[in-house]
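Participant: Just need the whole structure built from these sequences, with the hints factored in.
Here the protein sequences line up with chains U and Z, keeping their order. Just so you know, the first sequence maps onto residues 1 to 162 in the numbering used here. Just so you know, the second sequence maps onto residues 1 to 162 in the numbering used here.
Just so you know, these hints were derived from the structure itself, not from any lab. Here the structure is a predicted model, which is why all the values come from computation and not from measurement.
Since the list gives no way to pick out one identical chain from another, each pair is judged satisfied if it fits inside one copy or across any two copies.
List of simulated lysine-lysine pairs, DSBU-like, C-alpha gap at most 35 Å:
#1 Lys35 x Lys156
#2 Lys153 x Lys105
#3 Lys67 x Lys39
#4 Lys19 x Lys159
The residues making up each chain are set out below.
There are 2 protein chains.
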Amino acid sequence: MNFLEITYHPIGIIYSPFKDIEGVPIQPSAAQGIKGTIKIKEEFIDGLKDLDGFSHIILVYHFHLSKEYSLSVVPFMDDTLHGVFATRAPKRPNAIGISIVKLIKIENNILHIENIDIVDGTPLLDIKPFVREFDDLKEYRKGWLSERINLLKEIKSDKRFK
Amino acid sequence: MNFLEITYHPIGIIYSPFKDIEGVPIQPSAAQGIKGTIKIKEEFIDGLKDLDGFSHIILVYHFHLSKEYSLSVVPFMDDTLHGVFATRAPKRPNAIGISIVKLIKIENNILHIENIDIVDGTPLLDIKPFVREFDDLKEYRKGWLSERINLLKEIKSDKRFK
Numbered sequence: 001m002n003f004l005e006i007t008y009h010p011i012g013i014i015y016s017p018f019k020d021i022e023g024v025p026i027q028p029s030a031a032q033g034i035k036g037t038i039k040i041k042e043e044f045i046d047g048l049k050d051l052d053g054f055s056h057i058i059l060v061y062h063f064h065l066s067k068e069y070s071l072s073v074v075p076f077m078d079d080t081l082h083g084v085f086a087t088r089a090p091k092r093p094n095a096i097g098i099s100i101v102k103l104i105k106i107e108n109n110i111l112h113i114e115n116i117d118i119v120d121g122t123p124l125l126d127i128k129p130f131v132r133e134f135d136d137l138k139e140y141r142k143g144w145l146s147e148r149i150n151l152l153k154e155i156k157s158d159k160r161f162k
Numbered sequence: 001m002n003f004l005e006i007t008y009h010p011i012g013i014i015y016s017p018f019k020d021i022e023g024v025p026i027q028p029s030a031a032q033g034i035k036g037t038i039k040i041k042e043e044f045i046d047g048l049k050d051l052d053g054f055s056h057i058i059l060v061y062h063f064h065l066s067k068e069y070s071l072s073v074v075p076f077m078d079d080t081l082h083g084v085f086a087t088r089a090p091k092r093p094n095a096i097g098i099s100i101v102k103l104i105k106i107e108n109n110i111l112h113i114e115n116i117d118i119v120d121g122t123p124l125l126d127i128k129p130f131v132r133e134f135d136d137l138k139e140y141r142k143g144w145l146s147e148r149i150n151l152l153k154e155i156k157s158d159k160r161f162k
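Facilitator: Here it is as structure tokens:
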């Protein structure tokens, strides 16, 4: 097995109303209408061409406030332990986060976005267009979340992953 | 703006029938029934608990065959230039790939998956459960792909991003 080290450099920074890890909506669908911006480094502006045709974009970012990881976590959406890879908890072996947000407009190197469930100042690693047809989602099951998904809009993050 | 460097270590390796960058299906929905496996490093096995309840998982991986990047690319799905962030092309400033694949079963540290559009030997960075309800996808638009999406199952990757 390959044990190489992989190094990335942020392409920009995500700005949001959430100054702290506590009180953040759990996922974009629980963050409807919450606005933020992304400042892309000037050197990458040409990479944004035609992105504005997409209504939704996938943000890939680094959970910069997560310093360690646990393999077993009690996620915000439950009160029992699950393997970290069966959750979206931020304290992961590689602290990578993904959110699909709504793209409102692009002005030069500033992206205006909505439905943001991300802490202010988060380093952005990549942007991809969201394309529904790329995924084959037949026979969908959602595991331990089946009984809990109705709580999504009630629950906010707390201090547990600080 | 924050210019820090972010280092990750693979949690495992993805194995697939695609030994080369050429001829790979463009996305999971064009790779239906194509089987692969993931070998997770032994030290992370506890993180897989309860993952088997989910039918679909999000793989976050490193495009290890992409050595450089371009900000303007002609993606497999088109014949004109687009900003790289408006495409899923592998030659990105941070060569991170995302695929939602079907999880068939887990045996110890081996995940059996289906709908795989990933090159054999790809280093895996993270696994997340796919949860449809986490994303708010109203008013969906797919930009330059609107006119091209019907080609998804006909087109395979070629040498352009080698």
